[in-house]
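Asks: As you go down the protein sequences, you meet chains A and B in turn.
Start counting the first sequence at 1; every next residue gets the next number (this note's numbering).
Start counting the second sequence at 1001; every next residue gets the next number (this note's numbering).
Keep in mind that the hints were calculated from the coordinates and are not lab data.
Please note: incorrect hints may appear among the correct ones.
[Said to hold, decoys possible] Straight-line Cα separation of at most 20 Å, DMTMM-like style, residue types lysine to aspartate or glutamate; simulated pairs:
#, chain 1, residue 1, chain 2, residue 2
1, A, K137, B, E1135
2, B, K1043, B, D1011
3, A, K29, B, D1173
[Stated by the list, open to error] Not the full set, but computed from the structure, chain A residues with beta-carbon under 7 Å of chain B:
#, residue
4, N34
5, H86
6, I115
7, C116
8, Y126
9, Q127
10, N130
11, D136
12, K137
13, N143
14, V154
15, L155
16, E157
Glycine is no exception: its CB is placed at the ideal position from the N, C-alpha and C atoms.
There are 2 protein chains.
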Amino acid sequence: MDFTLLKKTIDSRLESILQTELIKHQSNKIISNNIQDFLRLSKGGKRIRAILVIIGSQLKGKKKVDDNIIDLAVAVELMQTAILIHDDIIDQADKRRGEVTINHKYSMLGVPKAICVGDYGFFLTYQIINQLNIEDKIKNNLNIIMTRMMYNTVLGEILDVELPHQPNPTQADLNSIYINKTAWYTAIGPLLLGASFINIPKELETEIINFGTNLGIAFQIKDDLISISNQTDKSSNSDILEGKITEMYLYTKNNKKEDIIGYGDPSISDQVISNIKNQFKNNGAIKYANDQVDYYSKEALEILQVMNINDNIKEDLIKLVNVLLTRKK
Amino acid sequence: MDFTLLKKTIDSRLESILQTELIKHQSNKIISNNIQDFLRLSKGGKRIRAILVIIGSQLKGKKKVDDNIIDLAVAVELMQTAILIHDDIIDQADKRRGEVTINHKYSMLGVPKAICVGDYGFFLTYQIINQLNIEDKIKNNLNIIMTRMMYNTVLGEILDVELPHQPNPTQADLNSIYINKTAWYTAIGPLLLGASFINIPKELETEIINFGTNLGIAFQIKDDLISISNQTDKSSNSDILEGKITEMYLYTKNNKKEDIIGYGDPSISDQVISNIKNQFKNNGAIKYANDQVDYYSKEALEILQVMNINDNIKEDLIKLVNVLLTRKK
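Extracted from the complex, chain A is given alone in its bound form (with noise of 0.2 Å):
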């Protein structure tokens, strides 16, 4: 599977159906000016869950790549542009994909847009998923999946706000977050939306699943390691200043039983900063958390090497496998 390819098809099936959207409300100034926003901040993912879902729908084998499976995954993209606008306004960040925020550009209006602009993503995916021309059953299977990944990732979200603010967090709190937010949303819901259409056994679900889940948790440790090592994005710094909790914080503090000076606090100088990430180097969190992201990769290669599934699909799930799990950004 040629994934750059892929990419480009994916994009431009975006870049038309928001295009549409334009033209349907060019009377009205405001709204096309929103949907524009929302345009804007579509662009530049990396499309991992739109290339899920194709690869979902390929488990059994080569089927021809139509376009109710181009559109679906469009779908899922576009959710996700919605899903970080409002994740943007929750961690008042003011640049995403390259692009300013919504809640940042506005003024007063900048929170209020995102929520509307964000909420137009979500019902735009369930309208984009309405007019698949499909079978009511699979479009039936598609709603459910793509809701149970949502209000999953919703719930995580809930978590993700709320644990910096407790007392005690914990690893299987953390776990929680990476199995609601970021397993489901990004590999389990897109692979699962793509084999809707396709007949796949109950056990492959399973497999799926179990797959989806240790990728999941090796994506979101690698993410927030890639984030804190970054030395040229001014956001590197975001997830120590907003005290998010990681797998560093959680070693530091469990395992180390060490405490993080200025962890959290959104007004400490860049040498309080360069301290915390010293000390997670000194202390064997990097380490650590590095070693979390090979054991869970492990976990889900040797999962995917006995999944009962196409052997070229295989093939592009370990490529992808390797090229989410060695990315420097």
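On the provided structure of chain A, position chain B as indicated by the hints.
Replies: This is chain B only, laid out in the frame that chain A set:
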């Protein structure tokens, strides 16, 4: 149809669905506390939309109000809670249905939590629809209508947010809010959702849309009139302080060519607020708005008269229109 009894049935099923949610997540204090907030804000609604769902299912004559219809009616009410939670962030409201809003209750985490809990409500609603024990075809139809209703609602909300900041808002802009937000959301969507359980001809669907459009417009203008004339409730000034575009505002600006000193300035004194209310009384704006309520109610009732529906349910709808449009709060 006994509206009071129906409301009790809805209220009790709503409570039971959310109690099940609470039990499902009882092991996680963070999540169950958030669901508790959602339950708290779900109570105390008028349940107009739920009643319209049930009326929709009876348009062609008495039909058993089974569990599926009740659950759908509850789903519509939970969607309403969700959208109100987001609405209250947008308006920075501190009270809703006599309860403190989520955005106001939790200082720093108020907005993040309110965004997440609102999103939770959206996906919970779809989950309830997905779990109904009905044919795939009907279920798809419910998903289509629910999504169309919410898509329109969000576009209406975007207009509502931005219109006060536009140089020259027009009656056409205002009508667009009325139709997208109020009419689709309060009347058309619920009626069509209920009607999905029976087979209605295309012609009746068009009549429902026309009826709902007129009812929705009348309902919204009535709402604005109640909001501004309510003497006891502090929130009665919020439209003036926020600069909400209403019939009274447009009549004064566009028909009477008068300035409205202090409108939309949240820092104005009680005296200035009182001056604005008197201005609307003296220049005929309030009378004009009342006339508009009468006009659109009559239109709605006229469409209703010629609708080919069961006579008893027609009586119920007339009764409901009269309740809605003569209410004092």
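Asks: A separate judgement is required for each hint: does it hold in the structure or not?
Replies: Going down the list of hints, with the structure as the test:
1. A/K137 with B/E1135: At roughly 9 Å apart (the allowed maximum being 20 Å), B/E1135 and A/K137 satisfy the hint.
2. B/K1043 with B/D1011: 8 Å, holds
3. A/K29 with B/D1173: 11 Å, holds
4. N34: 5 Å, holds
5. H86: 5 Å, holds
6. I115: 5 Å, holds
7. C116: 5 Å, holds
8. Y126: At about 4 Å, which falls below the 7 Å cut-off, the nearest Cβ of chain B leaves the hint on A/Y126 intact, so it holds.
9. Q127: 5 Å, holds
10. N130: Result: holds, 5 Å to nearest chain B Cβ.
11. D136: 4 Å, holds
12. K137: 5 Å, holds
13. N143: 5 Å, holds
14. V154: 5 Å, holds
15. L155: 6 Å, holds
16. E157: Status holds, d = 5 Å.
Going through the hint list in order, the structure satisfies each hint without exception.
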